[in-house]
Amino acid sequence: MSTLPTKLPAGAPASGTGVGLRIEATGLVRRYTRADGTVLQALGPLDLALEPGEFFSIVGPSGCGKSTMIDILSGLASPDEGSVSADGVPYRGVPDGVGLVLQEDASFPWLSVRDNVAFGLKRLARRPADLAERVDHALEFMGLADFANARPAQLSGGMRQRMCIARTLVLRPRFLLLDEPFGALDQQTRLLMGDELLRIWRETGATVLLITHSLDEAAMLSDRVGIMSARPGRLLEVLPTGWTRERDSTVASTPAFGALTGHLWERLRGESMKSMRGGV
Amino acid sequence: MKLSSSTGRRLSLRPGGGVAAAVLVVVLWQVAALALGHDALAGPVPATQRLFAILSGARYRPELLATLGSFLLALAISWCGGLLLAAWFGTRRFAGEVAEPLLVSFYAIPKVTLYPIVLLICGLGMGSKVTFGVLHGIVPVILVGMAAIRNLKPVYARTARALSLSPRAALVHVLLPAIAPQLLTGMRVGLSLTLLGTLIGEMFGGERGVGHMLVRAINLADNDTIMALALLLMVFAIAANWSLGRVASRFSGS
Amino acid sequence: MSTAARTWLRPSTVRWGLVIAVLALLEFACRAGLIARITMVPPTTMLDAAWQVLADPALRTSVLTTLEEVLIAAVLSIVVGILAGLCLFRLSWLKRLADPILSAWYAVPVFIFYPVMIVLFGIGERPIIAISFVFAVASMVLSTVTALECIPRALLKTARLMRLNPLQRFVHIWLPAALPHLVVGLRLVLAYSLIGTIAGEFILSSIGIGHDIAFSYDNFMTARMYGLIVIVIATSFLLNYLLSLLIGRLGGSVRVLKGVSGG
Chain A
1 MSTLPTKLPA GAPASGTGVG LRIEATGLVR RYTRADGTVL QALGPLDLAL
51 EPGEFFSIVG PSGCGKSTMI DILSGLASPD EGSVSADGVP YRGVPDGVGL
101 VLQEDASFPW LSVRDNVAFG LKRLARRPAD LAERVDHALE FMGLADFANA
151 RPAQLSGGMR QRMCIARTLV LRPRFLLLDE PFGALDQQTR LLMGDELLRI
201 WRETGATVLL ITHSLDEAAM LSDRVGIMSA RPGRLLEVLP TGWTRERDST
251 VASTPAFGAL TGHLWERLRG ESMKSMRGGV
Chain B
1 MKLSSSTGRR LSLRPGGGVA AAVLVVVLWQ VAALALGHDA LAGPVPATQR
51 LFAILSGARY RPELLATLGS FLLALAISWC GGLLLAAWFG TRRFAGEVAE
101 PLLVSFYAIP KVTLYPIVLL ICGLGMGSKV TFGVLHGIVP VILVGMAAIR
151 NLKPVYARTA RALSLSPRAA LVHVLLPAIA PQLLTGMRVG LSLTLLGTLI
201 GEMFGGERGV GHMLVRAINL ADNDTIMALA LLLMVFAIAA NWSLGRVASR
251 FSGS
Chain C
1 MSTAARTWLR PSTVRWGLVI AVLALLEFAC RAGLIARITM VPPTTMLDAA
51 WQVLADPALR TSVLTTLEEV LIAAVLSIVV GILAGLCLFR LSWLKRLADP
101 ILSAWYAVPV FIFYPVMIVL FGIGERPIIA ISFVFAVASM VLSTVTALEC
151 IPRALLKTAR LMRLNPLQRF VHIWLPAALP HLVVGLRLVL AYSLIGTIAG
201 EFILSSIGIG HDIAFSYDNF MTARMYGLIV IVIATSFLLN YLLSLLIGRL
251 GGSVRVLKGV SGG
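Protein sequences, first through last, are from chains A, B and C.
Here the first sequence is numbered in the numbering used here, starting from 1 and rising by one per residue.
Here the second sequence is numbered in the numbering used here, starting from 1 and rising by one per residue.
Here the third sequence is numbered in the numbering used here, starting from 1 and rising by one per residue.
None of these hints come from the bench; they were simulated from the model.
Watch out, some of these pointers could steer you wrong.
[As the list claims (entries may be wrong)] Subject to a maximum C-alpha distance of 20 Å in a straight line, what follows is the list of computed DMTMM-like cross-link-like pairs (lysine to aspartate or glutamate):
#1 A/Lys-122 - A/Asp-136
#2 B/Lys-153 - B/Glu-97
#3 C/Lys-157 - A/Glu-104
#4 C/Lys-157 - A/Glu-237
#5 C/Lys-157 - A/Asp-115
#6 A/Lys-122 - A/Glu-140
#7 C/Lys-157 - A/Asp-105
#8 A/Lys-122 - A/Glu-133
#9 A/Lys-122 - A/Asp-96
#10 C/Lys-95 - C/Glu-27
#11 C/Lys-157 - A/Glu-133
#12 A/Lys-274 - A/Glu-237
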């Protein structure tokens, strides 16, 4: 059973900023058929509601269907049951204004960094007149201006990921999904990237949904944290964090942070063990 | 790779795929034989009958044994020589770097053109057949073996040391099994090419052997024998390859 | 090893050194009579003979015939191979059926089908091109399937996220991502086409360089035989080298090697 929030946490942006999408998912279910014919329920029933412009993280054990959920919310996949809507309008397929940053390296090795970032813009039906400026701004914003003409193969993993984020940002998403984007990075880089992400969130005003297996990351970055159960994944609980909009990774030193992560793990531990025994 | 949807593709791991393919090939063969007529192409039935006659009779036994003998000898040299050289080049980085482009270039040369040279040097007979087989088969064994050794993940050696294994134990129980699948791949290619080389050698050598039988059958327009021998070689080659593949799977755990 | 020694003792230097040393040794052995002239001629004579071959119009025609056969076989293999590879990639049932056949393809000595080809195509260029094609096409099919399967799913997802239409996906994602592997297939096709053609000419002994080599051998024209062999080897090296350059420019270090499945 999921718990829907009744009150926005303090510090959340006032509704009506217009940029961030309100995302609602009801009764999402997804099943797979295995080679031997048995049906596996990977997800659901899942209900989720994201306020416009909020930063929402989801933590859950491995195999709980987080990535499936991301696929459905981004429109890359369709649910077997249930629906998703943006600002009240249901969608199937990738809607306008959605951006997704993947965990795997999605850089195009045959293009330079600049061409990578410009890629999405160039393929639009109508090329924006300020294409070059937007690309330059995104490169600067992500600290890649000096590497604009390099190839992705010459960059470190973290920089490649920043480039992929830049490529997504340049399209001005109103709903930004991130599927364990910093999974391949070391802890310190992760913390820095977390601060980057908050900066991006504040500047763009987009609704952000972050999937992560790091409880610390979820606790320090988000307005609310959702806990997913083991497979089939459902939303067990949603915790507001109460941080202000101007937060950064230093919230980790507050006692409230410890309480929050403690509670998250308490809730999550059983699910993780279930998932581990289940051999996922 | 994740399964993609509830109605999505099922990953099939049934071994029946090989049988289905074999049936398909036989069917196509029969159709082609019917379309082209017996004067052009013998069908599966006459070919199989002729093959049984060849195998069961005593008349062709010396020829079959000659081929088998030359092939096995060439194979032994290709494999053993190849693996030893692979070990040598694989563990010595400089030597490996010097040798690899040479071997790769040699691999790409149409070795048939070297055949007259081999004949001139070795004369007619088994020597040239075996040499030719080795020339064909040894290079992939070396190249793949070298690559396998060079790409061996350091973690295996470290694990062996962490478990306090002696060098010999480490080699036998950890390192060799780790590179076995790749070595076997090279050996499979080596086997196919050695067979090819030995056969081509026989086709020119004028000596006894399956290749020679094939040339004689071509000259006599003996289609049944041609296809019978083709069938024999195909079955033999596929069976040998398949067995090596099974051994390789045992080591890679798939 | 000191740095100074290391810089000039590079693998390529050693390699060239070895090759030249062996050639020099052969040159000496041949000229000194240690190797009978009927067995081998000195390398310098080989080069001279090769030159003479290229100067002789009749032999030049042979060379061109062979090259033409190689090219036709290669182009056919590439086109059919890519199309077949695409089909196999798309239709998984077809791929399941074809997998065992493709694995066994290079296990079977392809020359056993020469008689069939002669019957089908008569004598002359065609059976040779046919066998060459059969030999080479499988490597293109395998390379194409590998190329398509190796495209990271992340790239395909990105294409869909950016809402590219199918044509855009093909031109901007599939093609550039698959190119490095496809070029490896090209290399194999060229090598196999050359091998299949020369071997075919040799065995069928009708036209082309292969036939000329066989003819020279049968008639004890040792120098000319070696000259022709040198030309074949040089062509093989040249093609290999050109393709290496192409691979280097397109995708970097993609290992060459066998066209057997999984290779």
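We went through each hint and held it up to the structure:
1. With a C-alpha separation of about 14 Å, the suggested pair A/Lys-122 and A/Asp-136 falls inside the 20 Å cut-off, and the hint holds.
2. Pair hint B/Lys-153 plus B/Glu-97 holds up; C-alpha atoms about 19 Å apart against a cutoff of 20 Å.
3. A threshold of 20 Å between alpha carbons decides the hint, and for C/Lys-157 with A/Glu-104 the separation of about 11 Å falls inside it, so the pair holds.
4. Taken as a hint, the C/Lys-157 and A/Glu-237 pair is broken in the structure, with Cα atoms around 30 Å apart against an allowance of 20 Å.
5. At roughly 18 Å between alpha-carbon atoms, C/Lys-157 and A/Asp-115 fall within 20 Å of each other, so this suggested pair holds.
6. Pair hint A/Lys-122 plus A/Glu-140 holds up; C-alpha atoms about 19 Å apart against a cutoff of 20 Å.
7. Annotation: proposed proximity of C/Lys-157 to A/Asp-105 holds, straight-line Cα distance about 11 Å (limit 20 Å).
8. With a C-alpha separation of about 13 Å, the suggested pairing of A/Lys-122 with A/Glu-133 holds against the 20 Å cut-off.
9. A distance of roughly 16 Å separates the Cα atoms of A/Lys-122 and A/Asp-96; the hinted pair therefore holds under the 20 Å criterion.
10. For a cut-off of 20 Å, the pair hint linking C/Lys-95 to C/Glu-27 is broken: about 53 Å separates their Cα positions.
11. At most 20 Å may separate the alpha-carbon atoms for a hinted pair to count; C/Lys-157 and A/Glu-133 exceed this at roughly 26 Å.
12. A threshold of 20 Å between alpha carbons decides the hint, and for A/Lys-274 with A/Glu-237 the separation of about 17 Å falls inside it, so the pair holds.
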